[in-house]
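Chemist: I would like the entire structure built from these sequences, with the hints used as guidance.
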Amino acid sequence: MAPLEPWEKVLVLQEDFQDDPHNQMRCDFCHGGTQAPDKEDAHVDLIADPSGGETQVCGSCHSVENHAFENSLHFTQEGYWTAIEARSAPENHAALETMFGNHCASCHTTCGDCHISQPNSVGGGFIEGHVVKKTPSMTRNCTACHGSRVGNEYLGKHEGIPGDVHFRSGRMNCVSCHTGLDMHDSTGACEECHADSLELVNSDTRYSGAQLPGCEDCHAEVGADGEGNPQHNMHKDKLSCQVCHSVSYTSCDGCHVAVSETSGNPFFETQNTYLTFFIGRNPDPNYHRPYEYVPVRHIPVDTESYAYYGENLLSNFDALPTWTYATPHNIQRITPQNESCANCHGNEEIFLTVDKVNPEEVNANLNVIVDEIPAPIGAP
Amino acid sequence: MRKIITFVLASMLLFLAGCQTATPEPVPTNTAVPPTPTVEPTVEVIVEVDYCVSCHTDKEQLISVAKPVEEKESESSGVG
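First to last, the sequence lines map onto chains A and B. One rule links them: number in the working numbering = place in the first sequence (from 1) + 3. One rule links them: number in the working numbering = place in the second sequence (from 1) + 186.
A portion of the hints provided could be inaccurate.
Claimed, not checked - What follows is a list of derived Cβ distance ranges for each label pair:
no., chain 1, residue 1, chain 2, residue 2, range
1, A, A92, B, K258, 34 to 44 Å
2, B, P254, A, V47, 52 to 62 Å
3, A, P6, B, V251, 14 to 24 Å
These are calculated hints, taken from the structure and not from any lab test. Idealized CB from N, CA, C, for every residue including glycine.
Modeler: Structure representation (structure tokens):
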């Protein structure tokens, strides 16, 4: 995605914006600032993103969405903290908070980052001349952040690997599955507003609550009585859908973060990025995800990821696996796994066995490593 | 005694009669309003300029006041 010119980022397209209901308010209702012909004077006390920070002006009208969104992972970034706190100890949290502020906090998402502008990570700028878009742009909002893994897989940008069938054949974009309710961390249940406490979904990580979305939301017939595909009935509670219907996806190793001595800017280095497909054990089978086997992806954390900020900050590194539950976004109807029983049963190559794990990370991955692969079909 | 009372009452009547006006002033029922000179109204149209809109909808103006982009080479490497 080509970066926008500075003027282009802030050019209001009056012809388009005049029909937007938000145009009924004066600019300074949301943005503050000062009425003055000179740019510097006009920008005194300017609030560039009124939907972020303390003002959160969107909530003054969109209170229902705002109330739910304040608890969403896009807003709280709780997914990071769930992992960081599990792998560290309380005495290290102060240093890790500094690290987080330098390297992670910029991913915090505001209303404007999805509905008005491109996110800051790609330089910002209006999507369509300040028109407030009810539906975010797939490429300029969603994959602007979720590009290197989800975006590349879904759009088929890895050579030799087709894009997701939902994109290729269905021309579906992100919001076709990830609805506004999901994005605002709402189940749509009446109790969310008409009860004293919220029952939140996915408040700790994106896999902590119900599957939103779930494949069965559309494919309700899969595994149902009388369905024509016996494989679905045989495997439906043992395997997540992606075990049979996804193909190779991105894994990464060794991300380290630091602050540049020359520029003072935070930066990161990721040592390796590669394509894998490994079936591992589900580290946390539960009501929503009862599966025994799931695809696992190597995430780029290692024991020294935050070493710039202190020694042994991830002192409880083995608390979580480095090969993690994955839901690759490159779904195919036909895959190597589902072409033949023998492609999984008795095929050690496709499972995350101990020999494929970095010896220093074996203890962290004991609950995902497959010790005994499923026997070949027909074997005694 | 009766003569004294009669005298006092007579004096009071005489005194009060002196305060009475002879004929009451007529109450004006229809006051003629003197004509006022006709003044042409001065229409003062206050055009409120919204400087935010006028600048941010003007591409050329935005180009002229934009700060030059500082080319910063990313020090990060690898996939983020």
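Chemist: For each hint, tell me whether it holds in the structure or not.
Modeler: Okay, the hints, checked on the actual structure:
1. The hinted window of 34 to 44 Å between A92/A and K258/B holds, with their beta carbons roughly 36 Å apart.
2. Against the hinted window of 52 to 62 Å, the Cβ-Cβ separation of P254/B and V47/A comes to about 22 Å, which falls outside the hint.
3. Checked against the hint of 14 to 24 Å, the pair P6/A and V251/B passes, with Cβ atoms roughly 19 Å apart.
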